[in-house]
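Knowing the structure of chain W, use the given hints to seat chains V and D on it.
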Amino acid sequence: MSALAASSFRRRTHPAYVAFLVHRLSGLMLALFLPLHFWALGQAIEGEARLESFLRWTDNPLTKFAELGLVVLLAAHLGGGLRLLFIELVGWRDWQSRAIAFAFALGLAFGLLFLLNLGA
Amino acid sequence: MSAYAGRTRSQIRWEARLWVAQRASAMVLALCVLVHLATIVFAVRGGLSAGEILSRTRGNGAWLAFYVLFIAAVAIHAPIGLRTIFAEWLGWRGRSLDIAAALFAVLIAAAGLRTVLGLYA
Amino acid sequence: MQRYEVPAAPSQTILDLVTYIQRALDPTLSYRFACRVGMCGSCAMTVNGRPRWTCRTHVAKVAGEGEVTIEPLKNMPVVKDLTVDMREFFDKWARARGAFVPSEDAARDFAVVPPSSPERVEADAAIECIGCGVCYAACDVVAWNPDYLGPAALNRAWTLVNDLRDDGQPERLLAVAGDAGCHACHSHESCRTYCPKSLNPTASIAGLKRATARAALRGEL
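Protein chains in written order, with our numbering: chain W, 210 to 329; chain V, 141 to 261; chain D, 360 to 580.
Isolated chain W (complex conformation):
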C-alpha cells in the first residue's frame, strides 16, 4: 500500500505542479487572511490610540514571523500569477521554466528584504 501512496506523490513532483500548489495554497491563505487584515487596519477608525495599541501588540516575535510569512505568500502568489499570465496570455513555452524560477526568486527576495529591514 505504501508503494501505491508513494507512487501517487511521485506523479506530482515536476516544477510546474509545485508552482501550481504554491500558487493555490498561497492564494487560499491570502484570501482567508484578507478579512483579518481589514479588521486590524479598521482599528484606525476607532482612533489613532486604538491602532497604536494594536500595532504594539503585534510587536512580539510570533506576529513578526507571521507577517514575514504573509509577505512571502504575497510575493509567491504574485510570482506564480505572472507565470500563469505569461503562459496563458503571451503564450510562452521555453520561458516557462525560467518564469517558475523567477516566481520563487521574487518571493525569496522580498522576504529577505523584509527580514533585513526588521533587523535594521
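Derived by calculation from the structure, the hints in this document are not laboratory data.
On a predicted model such as this, the values are computed, not experimentally measured, just so you know.
Where hints are given, some of them may not hold.
[To be verified] Here are some, though not all, of the chain D residues that point toward chain V, as calculated from beta-carbon distances under 10 angstroms:
| # | residue |
| --- | --- |
| 1 | E364 |
| 2 | P366 |
| 3 | A458 |
| 4 | V460 |
| 5 | P461 |
| 6 | E463 |
| 7 | A539 |
| 8 | H542 |
Where a beta carbon is used, it is the ideal one built from N, C-alpha and C, also for glycine.
Just chains V and D now, with coordinates in the frame of chain W:
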C-alpha cells in the same frame, strides 16, 4: 450526456467571462502588489507606528485612489479563485457556490472600503 | 496488489514484464497492447506512479531496487487488471468538436496553407498526438472535475482552430470554453511532462483560452 457537458450557452459564456475577469484583475493586482510590497518594505523601517501610518494616509487622494483600485481588483480576483478551489477540492458546485462567492466579494469590497476610508478620513 | 517475481533479461521493457507474467505466471492477467514499438499508443499504464508507454519504458531505468509497481491508467474506469475503459476519453474528443468540418469552398478549390504561416506552425506543434491517454491520466483537473474535456481532446481542438479550411469554428469555440473546457486548466503541465511524444497540450489549451476569451469579449461566444 448532452452537448457542452450539460451546460447552456449562457453558462459557458459566464464561465469564460469569469476567467477573463480573473486574469484582467490579476494584471491590475500584479502592479498593485508590487507597489504594496515596496510600501511594506519601506514602512517597516524602524518599526510601525499608528502616527506614521496615518500621516501617510490622511487626506492623501492618490493613496485613496490607489487602494480603492486595489480593493476592487481583489474583490473580483479572490472570490473567483476561492470558487474554483471549492469546486475542485470540496466538490461544492452550482448556484449555492455562486451566491457564496458573490457574498465574499461583497464582504471584501465593503470591509476594504470601510478600512481605506477610515485611514483616509 | 499482486506480487510477481520475473527473471531479468537484457533490454527488458515493462511490457515484457507484463507479457511474461501473463504467459508464465497468471494467464488471467488482462492488459492492452498492439505494436510493441511505440507507434500505436495502446499499452499505456501507470509505472511507479507515472503514466507511461510500457513498450518504451526499460525496466532497468525505472526499477530502483529490483521492484516495479504497475497499475492501470488513472482517471479512467478499470475494466479488468491493467485494462481501462477509454470510452469517456474518446467521447470527449467528439464533445470538443475534434472532427474536421469541411466548408463549401473546400469542394471547389484547394486551400493554400503555407507551411510557415503562424496557424500551420501552431497546428504542426500539436498534430502528432496518437490518443494514448497518458496526458488524460496524468491530469489532476480531470480527476477534480470529471466533466473536464482533458488535454488530448483540447489539444486536438486547437489544431482544428488553426485549420483555415475548417468551417465549424463558432461551435468548436463554444464546445471548448468554460469550466468543462480550456478555462478549467491550471497549467500543471502534467500533460507536457508525461506526453511520450513530447507535445505541449498546456500551450495548446492556452491558445484556446486566448481564442475563446477573444470571442467572449466580442460577444461571439
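Point to revise | Structure versus earlier hints, numbers of those that do not hold, lowest first | key: Of the numbered hints given earlier, those the structure breaks are 1, 2, 3, 4, 5 and 6, listed in rising order.
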